[in-house]
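K.L.:
So you can see what is in the structure, the chains are spelled out below.
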Amino acid sequence: MAAVMPAPAQSRLLMSGNEAVSRAVWESGVKVAAAYPGTPATEMLEVIATYPDLYAEWAVNEKTSLEIAFGAAMAGSRAFCAMKHVGLNVASDALMTLTLTGVAGGLVIAVADDVGLSSSQNEQDSRFWGRFAHVPILEPADSQEAYEQTKLAFELSERFQTVVILRMTTRICHVKGLVTVGERVPHVAAGFKKDSARWVMVPGAAQKRIPLMFQREDDLRAEAEITALNFVDSGSDRRVGFITSGPAYMHIKEAYPQAPVLKLGLSYPAPFEKIRAFAVTVEHCVVVEEVEPLLETEIKAQGIKVIGKEILPRQGELAPHVLKPAIGRLLGEEVAEPEKKPARAIAPLPVFPRPPTMCVACPHLGVYYTLAQLRNITISGDIGCYTLGFGHPWNALDACISMGASMGMALGLDKGRGESDKDKKIVAVIGDSTFMHMGMQGLLDIVYNKGNVTVLLLDNRAVGMTGGQDNPGTGRDIHGDPAPRVDFAAIVKALGVKEERVHVVNPYELPTLFKTVREETKIPEPSVIITNQPCVLVDHYHGLKPFTVIDDKCTGCGNCLDTGCPAIHVTKRDSVVKPSGKTVDLAWVRIESSVCTGCGLCVQPCAPDAIVHADKVIQIKALQRH
Amino acid sequence: MTDITNILVVGVGGQGIMTATEILAEAAIALGHDVKKTEVAGMAQRGGVVSSHLRFGPKVLSPQIAPGEADVLLAFEAAEGMRWRHMMRPNALALINTGNLTPPVVELGLFEYPVDPIGEMRNSGARVYSFDASAIANELGNIRLGNTVMLGAIADHLSFSAEVLERCVLQRFAKKGEKLIEMNRKAFAAGRKAAADAAKTQGAAEPVPA
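Line order of the protein sequences matches chains A and B.
Under the numbering used here, the first residue of the first sequence is numbered -13, with each subsequent residue one higher.
Under the numbering used here, the first residue of the second sequence is numbered 18, with each subsequent residue one higher.
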């Protein structure tokens, strides 16, 4: 993406929280911005990369992105990095010490919590990092606040010489609202000043920085008492008052427009005096926060009487319809909203689930089709589109926890095998981007410690799940410009995998893939099978001539359905009793030729050769973009 | 709050739900409304369920539409309309494309696609206007026009004039040539007509409370 002319100051724009933060990053004169893609944070760097006058990059992981941003901040420039909640776990090693050094130029981390788990492996509350690292947490409630707080975060960062965490959630990142934007103010880098007592964190130096960190935290708590970010909306109905932060503020204002609210934009360190003064002005004081009872626990420890997770959920998103029944019960009311009865809601009608699927012609389909055919294997999985291989029809992924973990888990499954697993083949599946993010070290461990693991490295030349972003394997940078391209076969060989144990295969060639996986799993040594076909969603993918099914030839065997390709649809079902007495289900199919890209995967298991190239593409019947 | 209009746009990942909602949002902004639009988009591209919430009025606070509070349900796929039926207000209107998209779990025989999703919605007391937006789009020459057909269908069921929405739709194609603008103009008109015809045959049309 090339830099475009940003909208002029005072424009009122419909912006997602991610877009609003990006605009503020640019206006704040940030010089360096880095991130690794991760839902719901991905768009921040995508948008920042379209602004002029700054350096933006895809880093290989979140720790690198924070270290890059920190380096720029040491040089006196303003710097920014964005990540999803679990990304900050990866970056935390750097965080926990750069909180001691502090920063010169402003440094802001935008961390996006996936409250409600739309696309993540856990629902952790990133506000813990503020407590753990003794750094301030800002929590915007909508796009306008995300924009304003980002700008304030840079000011706070420089004033208190600390990294600042901007805590977003999915409902901030992906909600669009109107934002009035401002001017860009360039920021001049002060230049790196050598100061080993500050920047070189050896024990003697670090010991001296710890009291400074605690002093800074006290100063920030004093700031929290006076900042305009922490304000009271005085309300006329004092039966219940709310202390809140983040998107929950909007839900409270919607559900209880007359209630007093103490809104904490700078939520850590919490302003206890302000909170104490507020709590006594209302009959019931309720702390409303997503996800963990962090403010609540700290406020209670101060001896201030509040209610929180006793009545509110500790998991998932809050919303007006979640708050109303809980608060209604607290007030001993049946209906909490006095002016009208709630709409007559009916129970949801029963409808089949529609889980996310792999795409038509996805190069991973062949891999999982193959793995599903193999018996006596344990498959250690990883984070990416290929995690979907755990589902139907493949059921071919047995474990998944965190980025790069497939390698270590596989080695552990190998070394920790019991008698019952004695003959099990251990397979690890990982994508190209995840391999570079955190998988390479695990493979090195497998090699060094002589593990018996077969690694499938699915190189689809994209960060697929987050929308096909570039990485060191694609040969393009964040702007789409040419960049050095990593050679995966060379890397795994350099890590010590024997030359003859490294194979590069086309995942659409099922017999070769099957033979390679079966043979390598028999050999008790580390081996790596690299698949080399691109993600079908990236611009560089080119489809081939589509296929169709000859109705008269289809015998209903259903083998093609085992590929899991969503272009294959069942037209008729039946079952027959075989001479052996066994009942076999049959399913006749058609291929939606208009979406088929001719990958040819389904042709290979088709017993009666009923799948042929379509001469004429039949008009698509379903409303779907392609 | 009755001065806020809640529109729920639903369908399957890849159908253009988010773009359609964004265009609706632009129309509301053009009329001076405050607007919030939200969806969970994480894995939407992978053929999963997508629901996009649009709220507009003098001042919008929470971005989410609560169950039982959608004024209009615009469904790009029949079973998805049924999935979100409980979000409708008692007097709300559902505008539904009759086209079906069956996911692999249905193809594999693990679940069944409802025989008559629109009938089931009506049986549950919902006011439904259904039409085949896909067929209309194909007739006009491109399935991609389906998005504009759906926006045409909702155009006469909003608290503002259809022309405002049409302008916002066509603006999207302003730089893509007169031919594409003309095709979308036709698609928008065809969507309006489909909803109007459905209103005549499927029940008395009532405007959404403004």
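No lab work stands behind these hints: they were computed from the structure.
Please note that the accuracy of each hint is not assured.
The list that follows gives simulated cross-link-like pairs (lysine to aspartate or glutamate, DMTMM-like), each with its CA atoms no further than 25 Å apart [as the list claims (entries may be wrong)]:
#, chain 1, residue 1, chain 2, residue 2
1, B, K76, A, E134
2, A, K310, B, D20
3, B, K192, A, D525
4, A, K137, A, D223
5, A, K531, B, E156
6, A, K558, B, E43
Example chain B residues on the side facing chain A (calculated, C-beta under 10 Å, incomplete) [to be verified]:
#, residue
7, D20
8, I46
9, L78
10, P107
11, P121
12, V122
13, S141
14, R144
15, I160
16, S176
17, S178
18, L187
19, Q188
20, A216
21, T218
Each residue gets a CB set at the ideal place from its N, CA and C atoms; glycine is no exception.
K.L.:
Each hint should be assessed against the structure and marked as holding or not.
P.N.:
Hints and how they fare:
| no. | hint | result |
| --- | --- | --- |
| 1 | K76(B) with E134(A) | holds, 19 Å |
| 2 | K310(A) with D20(B) | holds, 20 Å |
| 3 | K192(B) with D525(A) | holds, 21 Å |
| 4 | K137(A) with D223(A) | violated, 34 Å |
| 5 | K531(A) with E156(B) | holds, 24 Å |
| 6 | K558(A) with E43(B) | violated, 44 Å |
| 7 | D20 | violated, 12 Å |
| 8 | I46 | holds, 6 Å |
| 9 | L78 | holds, 4 Å |
| 10 | P107 | holds, 5 Å |
| 11 | P121 | holds, 5 Å |
| 12 | V122 | holds, 6 Å |
| 13 | S141 | holds, 6 Å |
| 14 | R144 | violated, 13 Å |
| 15 | I160 | holds, 5 Å |
| 16 | S176 | violated, 18 Å |
| 17 | S178 | violated, 20 Å |
| 18 | L187 | violated, 18 Å |
| 19 | Q188 | violated, 13 Å |
| 20 | A216 | violated, 20 Å |
| 21 | T218 | violated, 21 Å |
The structure shown violates the earlier hints numbered 4, 6, 7, 14, 16, 17, 18, 19, 20, 21.
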